[in-house]
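Model the full structure from these sequences, guided by the hints.
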Amino acid sequence: MKLFPAIDLFDGKAVRLFKGDYQKMTVYSEHPEQIAIDFFNKGAKFLHTVDLQGALLGGTPNIETIKKIASSTNAFMQVGGGIRSEKVIETYLNAGVNRVILGTSAVTNPEFLKSAVKNFGDKIAVGVDIKDNMVAIKGWTEKSQFTGMEFCKKMQDEGVKTIICTDISKDGAMQGTNHELYKDMESSLDLDIIASGGVSSIQDIEKLIKLNLYGAIIGKAYYTGDIDLVEALKVAK
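Just so we're aligned, residue 467 is where the sequence shown starts under my numbering, counting upward by one.
Worth flagging that the hints you see were computed from the coordinates, not collected in a lab.
All residues carry an ideal CB built from backbone N, CA and C; glycine is no exception.
Be careful, since some hints might not be right.
The list that follows gives simulated cross-link-like pairs (lysine to any residue, SDA-like), each with its CA atoms no further than 20 Å apart [unchecked claim]:
1) Lys553 with Asn585
2) Lys508 with Lys553
3) Lys508 with Met615
4) Lys511 with Asp694
5) Lys700 with Lys533
6) Lys533 with Pro576
7) Lys508 with Leu677
Label-pair distances were calculated between CB atoms; the ranges are [said to hold, decoys possible]:
8) Glu616 with Glu530: 35 to 43 Å
9) Glu577 with Glu672: 35 to 43 Å
10) Pro576 with Glu672: 22 to 30 Å
11) Ser654 with Glu608: 22 to 30 Å
12) Lys676 with Lys553: 35 to 43 Å
13) His497 with Gly625: 32 to 40 Å
14) Asp588 with Ser654: 18 to 26 Å
15) Phe484 with Asp504: 17 to 25 Å
16) Thr607 with Asn540: 34 to 42 Å
17) Pro576 with Asp650: 33 to 41 Å
Listed below in structure tokens is the structure:
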């Protein structure tokens, strides 16, 4: 299983939110690229980055920071947060990003999703953020009309290869992941599934490995010291 340590960005800083609440933000570093270098030096081959301002406003407000992160290591880097046009996709790919994650736009603009998958193939992933069993959009501030599973099946039908599935109720709460959700998805879908939200211990990682998932994102638990990245990477191998 591939591990994606996460860097969430706001105003060029590495931050974390609690359950997606922008009013509950903790700043961890003013130099996110140094965190990426630290991840890489500890053996991480994959990085997960989210532009939290982009998620709210669209555009690429943290593009300069993302360029620094992309150029600082040889890790595979995926970026999400407010990607709502092919111009933004191209901006990120030209900045050294390997894969971009569509979120709100995949829900609200199906024609854009189709075009993006057609033009960029497996460089497109979709973030499926679930709140009370429904897909949430716009920085987790609104619910869509889709359940998580029906939306994932829709993405599969559209040719998407990778989804990043977050249970918002678990995100940043340090209470473990929603293993039942990922078990259902893995058994029902022909997609590369990356688990996100609540990966808070080595035991969580071990449980996810048993589900045969493609990947998992480590966020807050790294920053609080609850997960040792070197140990986690060994377990994931």
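query = Is the hinted pair lysine 553 and asparagine 585 satisfied, with a Cα-Cα distance of at most 20 Å?
reply = Roughly 12 Å separates the two Cα atoms, so the pair holds.
request  = With 35 to 43 Å as the target window, see if glutamate 577 and glutamate 672 comply at their CB atoms.
outcome  = 41 Å, holds
Assessment of proposed distance window 34 to 42 Å (beta carbons of threonine 607, asparagine 540) = 36 Å, holds
query = Is the distance from the Cβ of glutamate 616 to the Cβ of glutamate 530 consistent with 35 to 43 Å?
reply = Holds, at about 38 Å.
query = Are the Cα positions of lysine 508 and lysine 553 separated by 20 Å at most?
reply = 34 Å, violated
key: Consistency of beta-carbon spacing, serine 654 to aspartate 588, with hint 18 to 26 Å   = 21 Å, holds
message = Given the hinted pair lysine 508 and methionine 615, is their Cα-Cα distance within 20 Å?
response = 35 Å, violated
ask   = Can the suggested window of 32 to 40 Å be confirmed for the beta-carbon pair histidine 497 and glycine 625?
value = Roughly 38 Å apart at Cβ, these two residues keep to the hinted range, so it holds.
key: Supplied distance hint 22 to 30 Å, evaluated on CB atoms of serine 654 and glutamate 608   = About 26 Å separates the Cβ atoms of serine 654 and glutamate 608, which means 22 to 30 Å holds.
key: Distance restraint between lysine 508 and leucine 677, which requires alpha-carbon spacing of 20 Å or less   = Between lysine 508 and leucine 677 the Cα gap is close to 25 Å, so the pair fails against 20 Å, i.e. violated.
ask   = Is it true that lysine 676 and lysine 553 lie within 35 to 43 Å of each other by Cβ?
value = 41 Å, holds
message = Tell me if the beta carbons of proline 576 and aspartate 650 are separated by a distance inside 33 to 41 Å.
response = 24 Å, violated
In the structure shown, a violation is registered for the earlier hints numbered 2, 3, 5, 6, 7, 10 and 17, in ascending order.
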